Amino acid sequence: MIYTKILGTGSYLPEKILTNFELEKMVDTTNEWIVERTGIHERRIAASNETAATMAEQAAKQAMLAAGISARDLDMIIVATTTPEKVFPSTACLLQQRFGIANCAAFDLNSAACSGFIYGLSIADQFIRNGNAKHILLIGSEVMSSIVDWTDRTTCILFGDGAGAVVLGPSDAPGVICTRLHADGNHKDILSLSSQEKNAKPCIKMAGNSVFKLAVNMLGDLFDETLAAAHLKKSDIHWLVPHQANIRIIQSMAKKLELPMERVTITLDKQGNTSSASIPLALDQAVRTRQIKRGEILMLEAFGGGLAWGSALLKF
Numbered sequence: 004m005i006y007t008k009i010l011g012t013g014s015y016l017p018e019k020i021l022t023n024f025e026l027e028k029m030v031d032t033t034n035e036w037i038v039e040r041t042g043i044h045e046r047r048i049a050a051s052n053e054t055a056a057t058m059a060e061q062a063a064k065q066a067m068l069a070a071g072i073s074a075r076d077l078d079m080i081i082v083a084t085t086t087p088e089k090v091f092p093s094t095a096c097l098l099q100q101r102f103g104i105a106n107c108a109a110f111d112l113n114s115a116a117c118s119g120f121i122y123g124l125s126i127a128d129q130f131i132r133n134g135n136a137k138h139i140l141l142i143g144s145e146v147m148s149s150i151v152d153w154t155d156r157t158t159c160i161l162f163g164d165g166a167g168a169v170v171l172g173p174s175d176a177p178g179v180i181c182t183r184l185h186a187d188g189n190h191k192d193i194l195s196l197s198s199q200e201k202n203a204k205p206c207i208k209m210a211g212n213s214v215f216k217l218a219v220n221m222l223g224d225l226f227d228e229t230l231a232a233a234h235l236k237k238s239d240i241h242w243l244v245p246h247q248a249n250i251r252i253i254q255s256m257a258k259k260l261e262l263p264m265e266r267v268t269i270t271l272d273k274q275g276n277t278s279s280a281s282i283p284l285a286l287d288q289a290v291r292t293r294q295i296k297r298g299e300i301l302m303l304e305a306f307g308g309g310l311a312w313g314s315a316l317l318k319f
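For the sequence shown, the residue numbers in my numbering are 4 to 319.
Just so you know, the hints here were simulated from the structure itself, not pulled from any lab data.
In this text, all values refer to a predicted model and were calculated from it rather than measured experimentally.
All residues carry an ideal CB built from backbone N, CA and C; glycine is no exception.
A hint or two may mislead.
[Claimed, not checked] Computed Cβ-Cβ distance ranges for the label pairs, DEER-style: (1) R101 <-> P263: 23 to 31 Å; (2) K19 <-> N135: 39 to 47 Å; (3) N220 <-> K19: 20 to 28 Å; (4) M209 <-> A231: 27 to 35 Å; (5) T154 <-> L235: 41 to 49 Å; (6) L235 <-> I5: 39 to 47 Å.
Taking the hints into account, I'd like the entire structure generated from these sequences.
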């Protein structure tokens with residue numbers, strides 16, 4: 004039987020740091036309020052010459068180096084992003100050109116928003132399990148600063164830029180155990196990218212309280228569903244690698260899994276919410292700091308606009 008395994012991880016963060024204290028000078032907010040409500044202290048902001056493609060390239064190079072492969076070995080490139088450099092060609096195709104290859108499938112996922120990496124992981128898992136791909140590069144890359152309304156204090160404090168990547172490949176031993184994907188368009192208006200006026204730049208619109216309540220309930224049920232599908236118990240989970248949206252949501256999820264916060268990967272404080280990049284960024288940090296080790300079982304979860312949400316249970 005063929006399983007899907009993470010062969011290598013990588014990440015990239017822009018140099019520019021935007022702190023809460025700097026935000027205090029831009030909108031009516033305070034460092035104390037932001038930290039208490041979100042857990043965020045600072046976030047990274049892409050330079051004018053940085054795009055989802057350029058950041059994805061840097062994260063991908065790290066992941067391929069860690070996996071011991073080159074771009075010529077890739078059978079597929081999947082990029083999860085809601086902030087592509089171009090609507091088309093896809094960011095994945097732009098990466099092909101940057102890598103000097105043209106022998107693999109390449110496409111973007113932009114409809115699952117913050118859940119894009121989980122959706123991409125589930126898709127990649129199917130291709131590897133059925134033998135139609137050997138090496139897949141999966142990346143989450145976001146320039147969230149480009150779609151933030153910097154006059155809206157309820158959203159501009161939350162988001163940051165960055166990219167995270169993994170290389171996936173086949174294994175005889177269990178890797179990706181199971182994935183679960185969900186969506187509910189009835190909640191389309193509580194988190195969206197839209198403009199209030201004709202020809203205005205689209206910006207993130209969010210009903211924060213509604214998103215919070217739905218996320219806590221949906222993800223709690225999702226954990227039960229995922230564990231049941233894998234025939235595992237909460238005590239089998241070594242690490243929670245969550246979407247980095249809000250520290251209170253993350254704490255609630257850790258409590259649901261009966262995990263101490265020491266077993267939860269946290270990048271939110273330094274990176275903010277990087278949408279589809281947040282899970283691979285958190286995973287790469289935990290791997291490179293030797294927190295997460297081979298053989299440990301990880302629960303990944305995310306939720307985002309759609310609403311779309313999903314999970315992945317895997318043995319690293």
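For the range 41 to 49 Å, tell me whether the beta carbons of T154 and L235 fit it or not. 46 Å, holds
Within 23 to 31 Å: is that where the Cβ-Cβ distance between R101 and P263 falls? Since the Cβ atoms of R101 and P263 sit about 41 Å apart, the hinted range of 23 to 31 Å is violated.
With 27 to 35 Å as the target window, see if M209 and A231 comply at their CB atoms. Taking Cβ atoms as reference, M209 and A231 lie about 31 Å apart, which means the hint holds.
Taking 20 to 28 Å as the hint, is the beta-carbon distance of N220 and K19 inside that range? 36 Å, violated
Whether the CB-CB distance between K19 and N135 falls inside 39 to 47 Å: For K19 and N135 the Cβ distance comes to about 40 Å; the hint holds.
With 39 to 47 Å as the target window, see if L235 and I5 comply at their CB atoms. Cβ of L235 to Cβ of I5: about 21 Å, so the range 39 to 47 Å is violated.
In summary, the structure is inconsistent with hints 1, 3, 6 from the numbered list given earlier, while agreeing with the others.
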